[in-house]
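> What follows is each chain in one-letter form.
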Amino acid sequence: MKLFCIGLSHHTAQIETRERFAGHSRSEAMLRERGCRELVLLTTCNRVEVYSCAEKQLETGDVADCLRVGGELSPEVELRSFYRHQDRDCARQFFRVTSGLDSMVVGETEILGQTKRAYEMARARGHTGPVLHRLCQRGFRVAKEVRTATEITRGSVSVGSVAVDLAEKIFGDLRGRKVLVLGAGETSEKTLRALSSRGVSDLRVSNRSPQRAEDLARALDGIAVPFALWLDQCREIDILISSTSSAAQLLTPALIAPILRERADRPLFVIDIAVPRNVAPALNDIDGVYLYDIDSLQSIADERMEMRRRQFTAAEEIIAQHVARFWEQIGYSLGDDFATQRSGRSAVAPDLSPSESKAS
Amino acid sequence: MTVDRHLLILSTIFFFAAVVRSVIALRARVFRHSRFNFVMIALGFAVQTMFLSVRGHALGRCPITNLFEVIVFLAWSIALIYMLVGPAYRLSLMGVFTAPLVLLLQLFALLAPVDTPHAIRVMPNPWLEFHASISIIAYGVFALACVAGAMYLVQERQLKTHELRSIFYHLPPLPTLFSAMTRLLWLGFALYTAGLISGFFTGEPVPWKKVVLAFAIWILYGAILQGRYLRSFTPRRIAALCVGAFAAALSLLWSIEFVAHHA
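Going down the list, the sequences are from chains A and B. Everything in the first sequence is counted per the working numbering, starting at 27 for the first residue and increasing by one. Everything in the second sequence is counted per the working numbering, starting at 345 for the first residue and increasing by one.
None of these hints come from the bench; they were simulated from the model. In this text the structure is predicted, and so the values were computed from the model without any measurement. Mixed in with the good hints there might be a few duds.
[Stated by the list, open to error] Quick list of simulated restraints, FRET-style, between CB atoms: (1) B:368 / A:281: 45 to 51 Å; (2) A:237 / B:523: 40 to 46 Å; (3) A:219 / B:353: 53 to 59 Å; (4) A:339 / B:455: 42 to 48 Å; (5) B:573 / A:224: 30 to 36 Å; (6) A:212 / B:444: 43 to 49 Å.
[As the list claims (entries may be wrong)] List of simulated lysine-lysine pairs, DSSO-like, C-alpha gap at most 27 Å: (7) A:82 / A:142; (8) A:28 / A:142; (9) A:204 / A:216; (10) B:504 / A:216; (11) B:504 / A:204.
Virtual Cβ for every residue (Gly too), placed ideally from N, Cα, C.
Turn these sequences into a full structure, and let the hints steer you where they fit.
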């Protein structure tokens with residue numbers, strides 16, 4: 027018996043190729059016909075992978091043929107995007123995938139839900155057996171352990187999401203919060219969209235060019251504010267995003283001080299992503315005002331990315347331990363000589379323990 | 345060594361374990377949510393309760409007859425309020441800040457020569473016991489307000505300095521901490537007021553110095569709440585005042601005991 031994984035992902039294939047091999051309603055039946063005794067088909071927007079246990083390994087071309095959506099297969103070109111992993115490497119690949127180590131955004135957790143759904147579907151169709159069952163159950167355990175024992179899933183790695191994280195720590199719930207954008211640049215738009223995705227619904231845009239303010243406000247379902255009135259808006263808003271091309275500072279402690287007195291104890295989060303900066307750094311010294319410029323946001327994002335990288339080694343160690351344990355447990359049932367010698371047990375597929383029988 | 349002292353040592357060990365775990369996590373700069381702290385505090389609390397029960401049975405009254413017992417009763421109140429408030433406000437991280445406070449109090453109780461038995465055994469007075477116990481529980485609530493204040497200051501400082509440590513992602517948002525802090529202040533103030541009023545019904549002679557000190561604490565917390573109500577204090581100032589007021593109240597509590605013993 028062979029345990030293997032054949033597939034492609036964002037690492038090896040462009041989106042057009044991934045779309046072409048995304049699988050279809052007959053894919054699983056075709057793979058079973060070609061000898062896959064146990065089978066889990068994982069398809070997401072970033073990857074298509076077939077995990078299988080079979081008497082003999084399938085050819086990559088056979089698997090590609092089963093996954094192909096329309097058109098003829100051109101093996102020389104398209105098969106280059108596929109990778110294959112066998113036995114321990116297959117287990118390692120599955121554990122890396124469930125833990126988010128192989129994801130486009132390292133550490134993301136959505137993939138775990140997607141693998142769980144793929145497993146549930148395969149189980150419901152009777153495509154799983156003792157080997158893939160154990161592989162999947164252990165994969166889910168590994169993902170949980172990696173998440174809790176390392177910080178790989180924590181913290182944002184883009185300027186927009188760092189701003190959202192900070193806003194949530196300053197205000198708690200972002201629903202009902204008011205945001206004013208000064209200037210209509212690309213980064214401010216991204217930040218605004220990130221805030222909007224977390225529930226901020228009152229969006230205001232102010233720009234020297236009224237037309238650009240109107241356009242951005244319309245695109246984000248907000249309102250445009252005349253540039254001459256932006257300072258008055260600071261009485262009401264919670265978050266100010268500044269990104270104008272002005273060479274002079276637009277906001278100073280002297281300008282904001284009378285307004286802050288009217289705001290009582292409501293905090294003000296100021297995101298200055300303009301270069302040169304639009305807001306005087308001294309504003310951060312005022313109680314209740316939190317000022318972040320593009321450098322400080324970027325440095326937090328970089329720190330988080332670095333932290334995730336540092337956690338990579340720890341996560342890989344956890345995975346390596348689980349691969350070894352998994353192989354100890356399952357290798358003999360696949361006829362693996364090394365595991366048979368070490369365990370001294372017969373090459374009969376084991377019964378599942380009660381804990382393993384439980385679906386995740 | 346007596347059974348009650350053994351129990352107190354065991355309870356202190358549980359709180360020490362919680363503190364050690366937190367220190368290790370902080371030093372590793374990888375902070376994780378874990379039930380360990382809560383379980384250790386819960387075990388510490390259970391053993392504290394046994395200590396108070398053993399001591400109470402031996403005395404035939406509420407075990408708050410000397411500074412040693414008052415401190416342990418206060419530590420017990422803090423652990424109790426933490427277990428009630430922590431999960432309710434989803435402030436599980438409060439344990440990281442609560443355990444060291446309880447540990448310090450109990451270490452002081454164990455090491456300082458404050459366990460002096462009363463020479464004259466007085467008859468239990470229900471009003472006096474109510475007054476003393478409710479006042480100490482109020483202190484426990486103020487202690488938790490102080491803990492919430494400390495958490496607020498830590499989180500606020502990280503936001504101001506832009507130096508976000510691992511703990512930043514585990515600490516609750518500022519409004520959650522502020523809301524917990526102000527509610528604890530109100531609860532503590534209400535309990536303390538009840539304790540203060542009941543003090544006049546004990547039928548015992550009250551030293552005027554004790555009354556003055558007790559009212560000083562009441563005015564201190566009243567002023568903080570007034571500042572909050574009128575919004576004349578910023579949340580950060582209220583958090584700092586919560587920490588400062590508790591430190592002052594704790595030293596005044598000691599003074600009250602001192603005055604009571606030397607009056």
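> Against this structure, judge whether each hint is valid.
Do the hints match the structure? See the list:
1. Remark: the range hint 45 to 51 Å for residue 368 of chain B to residue 281 of chain A is upheld by a beta-carbon distance near 47 Å.
2. A hinted range of 40 to 46 Å for the beta carbons of residue 237 of chain A and residue 523 of chain B is consistent with their spacing of about 43 Å.
3. For residue 219 of chain A and residue 353 of chain B, the Cβ-Cβ distance of about 58 Å falls inside the hinted range of 53 to 59 Å, so the restraint holds.
4. Between residue 339 of chain A and residue 455 of chain B, the C-beta spacing of about 44 Å keeps the proposed range 42 to 48 Å intact.
5. A hinted range of 30 to 36 Å holds for the C-beta pair residue 573 of chain B and residue 224 of chain A, which are about 31 Å apart.
6. Hint check: residue 212 of chain A to residue 444 of chain B, Cβ distance near 47 Å, so the stated range 43 to 49 Å holds.
7. Among the hinted pairs, residue 82 of chain A with residue 142 of chain A is consistent with the structure: their alpha-carbon atoms are about 26 Å apart, no more than 27 Å.
8. With a C-alpha separation of about 22 Å, the suggested pair residue 28 of chain A and residue 142 of chain A falls inside the 27 Å cut-off, and the hint holds.
9. Between residue 204 of chain A and residue 216 of chain A the alpha-carbon distance is near 16 Å, which keeps this suggested pair within the 27 Å criterion.
10. With a C-alpha separation of about 23 Å, the suggested pairing of residue 504 of chain B with residue 216 of chain A holds against the 27 Å cut-off.
11. Between residue 504 of chain B and residue 204 of chain A, the direct Cα distance comes to roughly 21 Å. Compliance with the 27 Å bound is thereby established for this hinted pair.
In terms of the numbered hints stated before, the structure departs from none.
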